[in-house]
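Listed below are the residues making up each chain.
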Amino acid sequence: MSTLTEVANGIGVSVRRPDGIPKVKGEFAYSSDMWADGMLWGATLRSPHPRARVLGIEIAAALAVPGVHAVLTHADVPGRKTYGLEHHDQPVLAFDEVRYQGEPVAVVAADHPETARYAASKIEVAYEELEPLVDPEYALSDESPRLHPGGNLLRHVYIEHGPEPGEADVVVSGEYEVGMQDQAFLGPESGLAIPAEDGGVDLFIATQWLHVDRDQVAACLDLPIDKVRFTLAGVGGAFGGREDVSMQAHACLLALHTGRPVKMVYGREESFFGHVHRHPARMRYEHAATRDGKLAWIRARILLDGGAYASSSGAVVSNAASFALGPYEVPSARIDSYVVYTDNPPCGAMRGFGAVQTCFAHEAQMDKLAAALELDPVELRRRNAMTTGTSMPTGAPINCPAPVEELLRSVAERPLPEGDSGVPGGIANVTRGEGVVRGVGYAIGFKNVGFSEGFDDYSTARVRISEVRGEPLVEVHTAACEVGQGLVTVMAQIARTELNVENVLVLPADTQVGSAGSSSASRQTHMTGGAVQAACVAVREEWERLGAIGAGIEATREYHHRPTAALDARGQGDAHVTFAFAAHRAVVDVDVELGLVRVVEIATAQDVGKALNPLAVEGQIEGGIAQGLGLALMEEIQVVDGLVRNASFTDYLIPTILDMPPVELDVLELGDPDSPYGLRGIGEPPTISSTPAVVAAVRAATGRELRRVPLKPDDMIGLCGS
Amino acid sequence: MRLTCTINGEPREVDGLWEGESLLYVLRERLALPGSKNACEQGECGSCSVYLDGVLVCSCLVAAGQAEGREVVTVEGLAPSEDELHPVQTAFVEAGAVQCGFCTPGLIVATHDLLARVPNPTDAEIREALAGNLCRCTGYEKILDAVRLAAAS
Ligand code: FES
Ligand code: FES
Chain H
1 MSTLTEVANG
11 IGVSVRRPDG
21 IPKVKGEFAY
31 SSDMWADGML
41 WGATLRSPHP
51 RARVLGIEIA
61 AALAVPGVHA
71 VLTHADVPGR
81 KTYGLEHHDQ
91 PVLAFDEVRY
101 QGEPVAVVAA
111 DHPETARYAA
121 SKIEVAYEEL
131 EPLVDPEYAL
141 SDESPRLHPG
151 GNLLRHVYIE
161 HGPEPGEADV
171 VVSGEYEVGM
181 QDQAFLGPES
191 GLAIPAEDGG
201 VDLFIATQWL
211 HVDRDQVAAC
221 LDLPIDKVRF
231 TLAGVGGAFG
241 GREDVSMQAH
251 ACLLALHTGR
261 PVKMVYGREE
271 SFFGHVHRHP
281 ARMRYEHAAT
291 RDGKLAWIRA
301 RILLDGGAYA
311 SSSGAVVSNA
321 ASFALGPYEV
331 PSARIDSYVV
341 YTDNPPCGAM
351 RGFGAVQTCF
361 AHEAQMDKLA
371 AALELDPVEL
381 RRRNAMTTGT
391 SMPTGAPINC
401 PAPVEELLRS
411 VAERPLPEGD
421 SGVPGGIANV
431 TRGEGVVRGV
441 GYAIGFKNVG
451 FSEGFDDYST
461 ARVRISEVRG
471 EPLVEVHTAA
481 CEVGQGLVTV
491 MAQIARTELN
501 VENVLVLPAD
511 TQVGSAGSSS
521 ASRQTHMTGG
531 AVQAACVAVR
541 EEWERLGAIG
551 AGIEATREYH
561 HRPTAALDAR
571 GQGDAHVTFA
581 FAAHRAVVDV
591 DVELGLVRVV
601 EIATAQDVGK
611 ALNPLAVEGQ
621 IEGGIAQGLG
631 LALMEEIQVV
641 DGLVRNASFT
651 DYLIPTILDM
661 PPVELDVLEL
671 GDPDSPYGLR
681 GIGEPPTISS
691 TPAVVAAVRA
701 ATGRELRRVP
711 LKPDDMIGLC
721 GS
Chain C
1 MRLTCTINGE
11 PREVDGLWEG
21 ESLLYVLRER
31 LALPGSKNAC
41 EQGECGSCSV
51 YLDGVLVCSC
61 LVAAGQAEGR
71 EVVTVEGLAP
81 SEDELHPVQT
91 AFVEAGAVQC
101 GFCTPGLIVA
111 THDLLARVPN
121 PTDAEIREAL
131 AGNLCRCTGY
141 EKILDAVRLA
151 AAS
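So the protein lines, in turn, are chains H and C. For the first sequence, UniProt numbering gives the first residue as 1, with consecutive numbering after it. For the second sequence, UniProt numbering gives the first residue as 1, with consecutive numbering after it.
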């Protein structure tokens, strides 16, 4: 249908981002930069207990603080008292019970943020503390107390693939754990709510999905959706952590109650309590193979800790099951994947969405199996590599390029980095490096792009062309959230290519146009890119028909991906629309006397289908790898008895520029037959197999089993290798 | 409390401050200079980096009163004019070192400071100098590119 034209700055070119200039000047308006006349500041009182009954809330002392305009509790929520992405199980403000440390109990509006925080501390809440349920295994058992009316089991996905596992030449088993990772986006949760004259409210907010936020908030406010208008403010990163609402309903409640604009900005500590995290996982695997290194069957049991509320746990646990085996041809498998409620912090979406946890386990297993078979780990993976047409454990065949062997070859054939990278720990390491051992490790992973299991996943775009001073101008309007990934750049590139017009303006994202779906699941360039393309084609056809732009031509189009199907009781169904693959090789130096690791280099190969903007593609890959490295070596929210011990950047470490090694990239463009321009989502694969590659390299250096991430210095100290 | 100081070359005076306010808060919320960012407000991320009398500081760790009578330069004060960028700013845009951009203002100021001291830094020197600036989006590769590019320009 579309003939691609030769306009400057169209697709395939590393166009510089249009918001780059305001961002480098400090002029880009993030959600925490919003300001309005007469604005008040909101603050949140949170539960100090992981589990307690709320016996009473006394607000008089808080209200009496000079400068305070409102103190609201659950009694002030006019509509539905709960919200949630999959189940409405999370209170806007706690009423009967609190189920995790940090659960919001009351909100305050005052004329200064410090006054608001001080007043919040004056609210007296009578709690009856209860024993928190913090062990997911115990939560799954019949003996544990029920945390929610439906019990503690949030979802169980069982997959029965191929014949019953039988005898095999070689069987290896292992147990693996993944700690709770935080998205740690740099721009804290924040927004500005402004009450409107029609009794509604406008919210300027950093989020990943405007419409779903709005629908949840409108229900809580008991307002029709046309009176709740959301506009995207500048977003300081997301990575899944903004899929659930945080302060959206609170700010709107306060604004409607006081009749004044209300701004809320979380500090870093509060941010750790303000959003969901990556699910901690416990996984047990058995891999069986023939003596010549062909997988025979796999058994996997996966247990995710969903924490206090459901969030997107149901989809995460299903993804963990779908991708539990890795990108391999596996004749037979039995997979049980569970997610349970506990009184730990709620967990939900984070980059990689269930596939991260299982990739760590299946790749450790593949290395173990290679060792048992005395095979090279890359060779074992090659012998079992999935290809187009391979059946997913969920039954449907892989319908897109599945370049597993090619990606492995690319990273394996790259020359190894030579020489000294400096000792692990840098200048803090006072040794002469006598305990330093080098290791090399490999991993490969894959995951679905877009929403699965029958969800009608779509995006909407409105494109308008008009003449301004004799020149054509194209305006692109969507509700798709630019969270840093570069969507605004790519949407303009698509419009230029389709309409052969260079002057393209991407309008602010808001709820005045149809839903774009979430900026998650590596889907937004595919889905909203598809919608923009379709709307542009419609405009172009009309333009050609009329032969002139006249007073302007406008078209709105939706892009839906191919329908998918739910999983049946045996975990079978055509559940996923398409898949994305990446491989990683990590080279590390480990000081086995000090327990320090320096990653020397990461090489990666990834199929991106078609790189609409090569520079942005590289940025996504490098950034995703940094988060995978973080999970391997340092990132974990430490929760003891339901209490978070490290809610700060002092104690929760993310990689710095000293921790990140050079990244060697090989970007393949194999073209997806079923997507706009053949592109394939790119955001998540870099985060999936980078973690196991780093751990495999540390294993190679130390000879240790290393069954839990993040690794700790103790895991590596004092051993063999040296 | 009242604060009098020079900000980006202009004398400024703010009244009615609460003593506990940080320089970062005053810049962002009282002087309409929200370019300096608030990613941690505890000295760990560098997103709030500014110059105080020519020295690179985390403005979240500076009490507003400490800026009394002193000279502050923020990210908003680096470009030579409204329509031009400083070469460090140009390099960050060109190298693809900006994604969400929340770390960017701090990195721009820190890079500006590094290149003023060390015009042609080695990669090790760049890493050392920028180790106090967290970025969650880029993996730092393009930030290194940007600093190299700025040094070369
Ligand atoms: S906000 Fe100042 S160092 Fe993070
Ligand atoms: S670009 Fe987002 S934190 Fe650096």
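Simulated from the structure, these hints should not be mistaken for laboratory data. A couple of the hints might just be wrong.
Now the in silico label distances, taken between C-beta atoms and shown as ranges [as the list claims (entries may be wrong)]:
#1 H:A36 x C:G16: 57 to 65 Å
#2 H:D651 x C:T6: 54 to 62 Å
#3 C:R117 x H:G718: 57 to 65 Å
#4 C:S81 x H:P713: 25 to 33 Å
#5 H:G199 x C:S81: 42 to 50 Å
#6 H:E541 x C:G16: 54 to 62 Å
#7 H:E374 x C:V118: 32 to 40 Å
#8 H:Y158 x C:V118: 24 to 32 Å
#9 H:E27 x C:E68: 24 to 32 Å
Where chain C lies over chain H, by a calculated footprint (3+ residues, C-beta under 8 Å) [unchecked claim]:
#10 6-17
#11 210-222
#12 512-525
#13 608-619
#14 641-654
Remember, it's a predicted structure, so these values are computed and weren't measured experimentally. Glycine included, every Cβ here is placed at the ideal spot set by N, Cα and C.
Can you list which hints this structure breaks, lowest number first?
Those not satisfied are hints 1, 2, 3, 4, 7, 8, 11 and 12.
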